[in-house]
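The task is simple: from the sequences and hints, build the whole structure.
In order, the protein sequence lines correspond to chains S and U. Take 1 as the starting number for the first sequence in the numbering used here and just add one per residue. Take 1 as the starting number for the second sequence in the numbering used here and just add one per residue.
It is worth saying that the hints were derived from the structure and are not from the lab. Keep in mind that the hints are not guaranteed to be accurate.
What the hints assert, rightly or not - In silico contact screen, one side only, chain S against chain U (beta carbon under 8 Å); selected entries:
{"id": "1", "residue": "Ser108"}
{"id": "2", "residue": "Arg136"}
{"id": "3", "residue": "Pro162"}
In this text the structure is predicted, and so the values were computed from the model without any measurement. Where is the CB? At the ideal position from N, CA and C, for every residue including glycine.
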Amino acid sequence: MISARVSQLRSAYPLVVVGAGPAGMAAALGATEAGSAPVLMIDREPEPGGILNQCIHTGFGLHHFKEELTGPEYAQRYLESLLEHDIDISTDSDVVDVDRERRVTLMSPDHGVRTISAGAVLLCMGARERTRGAIRIPGTRPAGVMTAGTAQKLVNLLGYLPGRRAVILGSGDIGLIMARRLTLEGVEVCGVFEIMPHPNGLSRNIVQCLHDFDIPLHLSTTVVEIHGSDRVERVTVAPVDEETWPCLDKAWDIACDTLLVSIGLIPENELSLTLGLRIDPLTQGPEVDSTMHTSREGVFAAGNVVHIHDIVDYVSQEALLAGRSAAAFVSRRMPPADNIRLLPGDNVAYCVPQTISTDREHTIYLRVRHPLEESLLRLGDVYERKLRYVVPGEMVSLKLRPGVLDRFHGDALRIDILPREED
Amino acid sequence: MRYDVVIIGGGVTGCAIARELMRYRVRAVLIEKDCDVGCGTSKANSGIIHGSTHFVPGTLKWRLGWAGNQQWGRLSEELGFGFARIGDLTVAFGEDEVDQLREFQWRCERSGVPRGELWGPERVRAEEPNLSGAVVGALFCPTTGVVNPYEACFSLIESARRNGLELRVDNPVLGIRADENGLWVQTEHELINSRFVVNAAGLYADRVAEMAGAANFTITPRKGEEYLLDKRLQGIVSRIIYPCPSSTSKGVLVIPTFDGTVMVGPTAEEVDDREDLSTTATGAEHVFSKVGRLVPGISERDCIAEFAGLRAVSDTEDFVIGATTVPGFINAAGIQSPGLTAAPAIAEFVIGVLETEGLALEPNEEFLPGIEKPVQVAALTTRERQDLAATDPSFAQVVCRCELVTRGEVLDSIQRGARTLDGLKFRTRAGMGRCQGAFCSLRCMQLLSDSLGLPFAAITKRGEGSWLVIDREDLERRSGEPAP
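As structure tokens, this is what we get:
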């Protein structure tokens, strides 16, 4: 792998990017291409690439590069471009503070504790996994319970296995990928259990990771108890009713030594909170305008730190925009402020960005709350689009061309995703 | 070789006794069945140093509880573990409960301990604005504190060892007998001869007493579940919040821990199994419904982790401390709440018993009360962190991002005795934050493996049986075996 590591840090950079995963790399590239240089990119891991480095399966880049790549290949493509630009990369470095004057403090064994002034800051910290504690699974606390992402790192980067016989709770994409991965490694995967009546991951992962390997998927079923004093010995699973209450009279036990949890991601917003950014309770990430600018001047955000994406290509696209916008901010060429707030309505879990303007082209990302076979996306009474099958596990993107909103004069637009009558 | 004293059990009681004993020229060994000290009842504890208003006079619990309370400030200064006297509020929801608070004050006056301050609703609102609006008054007790109980155990034992104590972990007791040469303790690994045996075996103290032929009490485990909340709730209350107690229980509390995490609990449920550390759906429901009444801003969605502990309740409901019918065999048992509070006083009490029973207490002139305090990078200013990083860059390499624990701190804790992932977690806080080790556990395992010279797959969560990962070859080798 081509790697880059800066030996000397400057005391000030026009732009500092926190995180060198897919969002950070695309943002840094966007910023330098838009004329902002040098950029400092900071990451806590020894190599740039973020979580892509442990995603050794294929399926990345179909939209962006028009070919199917593995995670490390996707990262490598970006890294090669980055090295052609004026970008300093500080790895093994943790950003511990960003203050309101955009002074970024990092800690690293190479640079010690350093504070760097930034013209603009780009937050690209990604997400973290929800854990067992977040859903309070009753039972004991033995070894053998881990998040699917930790197991992925363990297997793919360190070369060890989490156990011999595993149950996977949650049908998030990482859980599905790990069901296949562990099966290929010779671990027995007893099944994937999902509390909701629909899967949470991409449809292609359900097919390619579960169906193709005969791994059972139990919908509307969850783990209600963990057993074992030192190491997991078994778990109790039970079906749930419409309100997701477990029906304990129908519970059964599964002997296993490992429980992987893949129950969702949460934007990693420690720094966003330190900065006092306005957080959208629906995404749990910072609110952003159509340029990916947060509620604090000169602070931009992109990728999973803003909202949880389904595929990495959209992360790159969003981060490229954020990088360009940050460069525009540094050179004082920001476009006029947005004039329309988007309001998530029927069957819309959230939408990003939270505001748009009438004078530019926008891509709006949103997720539905429950699946619909035939649906209709409606933007106030100014725009409508037919959609095919929509599911919570897959983002809906909506490209709005300038002119679409010409006849709209309000300041808020509601987005609904409605069932469509057969036509 | 013959010891003067064998202490059985490395909970806070055993650790405190061991450390106090080292003030004298005594040959002593502490044996612990688990792989680390402080890993049983002491670890899964509310971490409260109870104040004067919470004791019922007349019991040994009261006498040693209040005496112990006053020693924690000095101990934490000497040993550097986390302790703060943050005070507590017992809140009243009606006039009848205010009357109850007045009674507590009279009770304190009669026994000559500080009686606390009765606050009206305005004062309560001003001091603790996030308490329920239905609170009409509260008793403020400034003598209450919070401590990290496992840290207290680690530093007490470190101090004791510096002053000559021998420590043997992973060493369960199998039998005890007495003859003309004193007491013989047979463990899984050795036969130990000693003049005195101190039984600080917690949940198993009645069984240890039985082995020695001194059974005259029983221990019943009483389970308490606790729920830890996300650090964003730090500051939601600044004192421990108690409801008015019922006749059977202190109730469910809101505890701002020393580290800034808010903890809610405990439950109180008698169980049969001395190893039953499971949490339950009903326990969670009970805790969060009770807590919501005290502080409406707390909900189960704030939970990041939960755990359960077992109180070692004796059939006398009081501490069982003292000599027995077996010469040289001394109990320090039935140590339930306020056992942690009382621990320093229990230690002095037990040493008094040892002296009465004939142990010569010759002062140890070389006794050093302090230990080198571990560095805690998270608690330092940026300036201090810079200076530290300049001398040792490993203190600028972050291992646990949630709690800001550096490689330097992890390596230091391994030097001081951490052998497992949990041992490391409870010494450094690595893995205790909101991601619950999802990020740092593999890094911590690598550091343990490198430092201890053990294979990566040999690192455990908390000792034998709690294996964490397996080798690929191991999977193949055992693939013929039936599934677990």
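Inset, instruction - Report the numbers of all earlier hints that the structure fails to satisfy, in ascending order. - result: none
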